[in-house]
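Asker: Next come the chains, spelled out residue by residue.
There are 2 protein chains.
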Amino acid sequence: MISIVGIGSGNRVEELTIKAYNTLKNSDIGIYPGNFIGEELKELFEDKTMFTGRDITSEKIKNIFHNNRDKNICLMVSGDPALYSGQFNTNLCLDEHIKWFNEHNYNYEMIPGLSSLSILCAKKSIDLTPFSKTQNVFITSIERLRDLKCFNYTELKSILSTKPVLALYQSLKEFDNIKSLLMEFYPPTTKVIFAQSLSWSNECIFETDLKTLNETESTTSQFNDQTLILVYPSTILTIK
Amino acid sequence: MISIVGIGSGNRVEELTIKAYNTLKNSDIGIYPGNFIGEELKELFEDKTMFTGRDITSEKIKNIFHNNRDKNICLMVSGDPALYSGQFNTNLCLDEHIKWFNEHNYNYEMIPGLSSLSILCAKKSIDLTPFSKTQNVFITSIERLRDLKCFNYTELKSILSTKPVLALYQSLKEFDNIKSLLMEFYPPTTKVIFAQSLSWSNECIFETDLKTLNETESTTSQFNDQTLILVYPSTILTIK
Chain B
1 MISIVGIGSG
11 NRVEELTIKA
21 YNTLKNSDIG
31 IYPGNFIGEE
41 LKELFEDKTM
51 FTGRDITSEK
61 IKNIFHNNRD
71 KNICLMVSGD
81 PALYSGQFNT
91 NLCLDEHIKW
101 FNEHNYNYEM
111 IPGLSSLSIL
121 CAKKSIDLTP
131 FSKTQNVFIT
141 SIERLRDLKC
151 FNYTELKSIL
161 STKPVLALYQ
171 SLKEFDNIKS
181 LLMEFYPPTT
191 KVIFAQSLSW
201 SNECIFETDL
211 KTLNETESTT
221 SQFNDQTLIL
231 VYPSTILTIK
Chain U
1 MISIVGIGSG
11 NRVEELTIKA
21 YNTLKNSDIG
31 IYPGNFIGEE
41 LKELFEDKTM
51 FTGRDITSEK
61 IKNIFHNNRD
71 KNICLMVSGD
81 PALYSGQFNT
91 NLCLDEHIKW
101 FNEHNYNYEM
111 IPGLSSLSIL
121 CAKKSIDLTP
131 FSKTQNVFIT
141 SIERLRDLKC
151 FNYTELKSIL
161 STKPVLALYQ
171 SLKEFDNIKS
181 LLMEFYPPTT
191 KVIFAQSLSW
201 SNECIFETDL
211 KTLNETESTT
221 SQFNDQTLIL
231 VYPSTILTIK
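Protein chains in written order, with the working numbering: chain B, 1 to 240; chain U, 1 to 240.
Please keep in mind that the hints were generated in silico from the structure rather than gathered at the bench.
Treat the hints loosely; a few may be bogus.
Note that identical chains are pooled: a pair holds if it fits in a single copy or bridges any two copies.
[What the hints assert, rightly or not] DSSO-like, lysine-lysine: derived pairs with alpha carbons at most 30 Å apart: (1) K62 with K124; (2) K60 with K179; (3) K157 with K60; (4) K211 with K25; (5) K157 with K191; (6) K179 with K211; (7) K99 with K191; (8) K157 with K62; (9) K163 with K179; (10) K71 with K179; (11) K62 with K99; (12) K42 with K124; (13) K71 with K211.
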């Protein structure tokens with residue numbers, strides 16, 4: 001059996017669900033392609049086989065599955081597997097893995113995990129949909145849209161014109177390009193939060209507002225590609 | 001200390017994070033205003049005080065906090081506390097609780113949980129953002145927008161015109177009213193999933209497509225207000 005398990009930040013066992021924890025404990029082999037897996041989680045695999053690091057390519061992962069059909073294998077995914085898994089042209093996303101499992105008649109299950117958006121909201125006590133604000137939440141990744149050649153400025157404009165709460169995954173490189181759109185539609189007091197390495201020792205959560213951002217040339221240099229950006233309108237609804 | 005804890009479906013301990021589980025176990029008092037809390041979770045409070053049911057009003061909750069300042073109190077919230085907590089004019093949302101805690105100098109923390117969207121995706125092996133599709137996910141609640149007198153048909157239209165993956169919380173009563181908008185913008189093969197009572201014994205996940213829905217007079221009568229509706233475009237991107 002293959003389990004695709006969401007592991008939240010990847011650095012804290014306490015962020016795993018009990019089901020995810022038990023699945024990791026009961027697996028024979030653990031796979032995490034990349035470096036965002038910490039010691040606490042690695043310890044769960046002390047007496048098992050674990051494959052991790054940037055050199056664990058999708059081809060290698062397929063070989064591990066192929067050579068261990070009788071084993072319980074756990075493929076770990078940062079955050080929740082349903083949102084922005086994989087890396088274009090580098091690591092398969094969840095959907096590509098599932099297609100491959102179906103083609104090759106593998107048994108698999110998917111175990112949900114905390115998204116970085118949920119983790120960030122909890123750390124900052126943020127209610128994405130309070131009764132005093134819009135109930136609209138828009139989540140996207142500008143870099144992935146670019147990678148897939150389907151970024152559409154006009155489309156983004158018509159969405160942002162409705163001023164939803166905005167969660168941007170993997171969008172940092174493009175942030176300066178959409179800043180003017182944000183300024184056009186959101187009030188200058190709109191809160192903008194950059195969150196990087198949540199729940200890791202180098203966690204950085206930087207809160208600012210659109211007005212300040214607009215007066216700064218570029219704020220993005222101190223952050224990396226994995227930064228989550230939350231744009232949170234401060235407008236209070238006037239209930240009629 | 002007050003902990004606001006996301007409990008996922010509210011019926012399965014295995015859906016709790018380890019931190020949420022430990023917080024429930026270590027609390028003196030548990031509060032869940034409503035009925036969507038199952039036996040497995042109630043058992044965690046066997047030797048403690050628990051307040052649950054529809055008669056646990058926000059006023060009663062404030063009194064419990066007030067009369068137990070020295071205790072560890074756990075306020076449980078379905079799904080993830082950041083998304084669609086509370087019920088308009090009936091139960092306070094997260095943000096209202098937090099404002100009240102701040103006003104009265106209470107210590108509190110927020111512990112994230114699995115949203116019903118994450119739980120549904122895992123059950124149906126759905127990747128919300130595969131490389132073959134748009135990376136845009138739009139989450140809203142039409143009924144809450146109506147309650148707050150800020151539902152705007154034109155705004156919704158401009159968002160749906162971009163064909164995002166659409167997750168509708170608390171929107172069932174309004175679904176028939178927006179069906180024509182969906183038909184206008186999404187391909188007829190677009191998958192529509194109605195999910196009710198996820199992880200409860202009466203769990204119901206009904207999959208259909210827009211074309212079938214459009215040929216049916218009303219499909220919503222078998223579902224309740226808490227139904228999550230996922231609109232998942234089947235269009236495959238042609239990567240240029």
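Asker: Run the structure past the numbered hints and jot down the numbers of the failing ones, going up.
Answerer: 2, 3, 4, 8, 10, 13
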